[in-house]
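Student: Letter by letter, the chains look like this.
Number of protein chains: 2
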Amino acid sequence: MIYCEKTVSKAYIYKGKVVNLRVDEVVLPNNKHTKREIVEHTGAVGIIAINEKKEIILVKQYRKPVEEILLEIPAGKLEKGEEPIECAKRELEEETGFTPLNLKKIVEFYTSPGFSSEKLTLFYTDRIKRTTQTKSDPDEFLDVVTIGLNQALKMLESGKITDAKTIIGILIAKKQYGHLLERG
Amino acid sequence: MIYCEKTVSKAYIYKGKVVNLRVDEVVLPNNKHTKREIVEHTGAVGIIAINEKKEIILVKQYRKPVEEILLEIPAGKLEKGEEPIECAKRELEEETGFTPLNLKKIVEFYTSPGFSSEKLTLFYTDRIKRTTQTKSDPDEFLDVVTIGLNQALKMLESGKITDAKTIIGILIAKKQYGHLLERG
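Line by line, the protein sequences give chains A and B.
So for the first sequence, the working numbering puts the first residue at 1; every next one is plus one.
So for the second sequence, the working numbering puts the first residue at 1; every next one is plus one.
Just chain A, with the same shape it has in the complex (with noise of 0.2 Å):
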């Protein structure tokens, strides 16, 4: 039997660019109260985009929260009442100077539900064109490659490929659409 948790007050230690910080008290089903330190944060959208040669566009970026550069399908924070799907064409022209002709929702997930509201939408496109300028965010400085979906998957294995969405982008194009990519 699942109970949800009473909220008896909530306190905002932080309220940033990025992140929110709440610490909430609870009554758990026991009668006991107790905190939770939540992380509140708007949403966000990733992007398997596939080029014209079958390959995966990612983009390799430092990350200071775990301080390494990391490979990730492109990817961004909802703005103040943006749709995913927006966002979604927004990032990838952003990043890759690539505009999607068509995206479809392939999977809708939680990063960290124990700790953060993130909800991440994953989008799938395999018709993009390229615009002639990139509007790159000032704060963002990244590298574009590309690779092919049996070396996405070797990378994945061997553990270059670290990052949660990226990960889940992989494996849901291997199974929903490896039998398109696979290149001659």
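Hints were generated in silico from the structure; no laboratory data involved.
Keep in mind that the hints are not guaranteed to be accurate.
One copy or two, it doesn't matter: identical chains are merged, so the pair holds either way.
[To be verified] Simulated pairs of lysine to any residue, SDA-like, Cα-Cα distance not exceeding 25 Å:
1. K35 to K119
2. K32 to D126
3. K35 to E157
4. K174 to N20
5. K77 to E108
Put chain B on the given structure of chain A with help from the hints.
Tutor: Same frame as chain A, but now just chain B:
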């Protein structure tokens, strides 16, 4: 060309039980300064545990940050100084009452590297033994459920499983162990 971000200062906003929050000032490659909001997390594990009926063991629990009841693989946070494999054994026992007789590390990933340092290690076990008692965390209330691999895949596709580590676990179980998990 990727550049790392040089840290100018670190300021702790909050130190909690599950997360710490700090804001770093960094220098970008263009010499501009910017702030990075960083949620520190000690890391976690998840366990894909297969019972004698070739079913996956899942736990259902209320998750306050997303205000929903989620279906997830057994999982938990590393205690101070704890090795991931020890944590996997402890969490499986606490949450389900089963002790793993084997544990194989299958993948490591960052759950949300844009703002969080959390690294999650996934383990696989197909030999479990019911122990006489569960030693559940007094602040955790959960139900144990078991489902076949194909049902898990259907629940993922229909949006009934929405937790990132659980999605990765199910997709990797299908890819690496699918042939062993077919039921007669």
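Student: Can you tell me if K35 and K119 fall within 25 Å by alpha carbon in one copy, between copies, both or neither?
Tutor: both (22 Å within a copy, 23 Å between copies)
Student: State whether the alpha carbon distance between K35 and E157 is at most 25 Å within one copy, between copies, both, or neither.
Tutor: neither (38 Å within a copy, 34 Å between copies)
Student: At most 25 Å between alpha carbons: which applies to K32 and D126, within, between, both or neither?
Tutor: neither (52 Å within a copy, 36 Å between copies)
Student: Between K174 and N20, at a C-alpha cutoff of 25 Å, which is it: within one copy, between copies, both, or neither?
Tutor: neither (35 Å within a copy, 37 Å between copies)
Student: If the cut is 25 Å between Cα atoms, do K77 and E108 qualify within a copy, between copies, both or neither?
Tutor: Both, since 14 Å and 23 Å are each at most 25 Å.
The earlier numbered hints that this structure contradicts are 2, 3 and 4.
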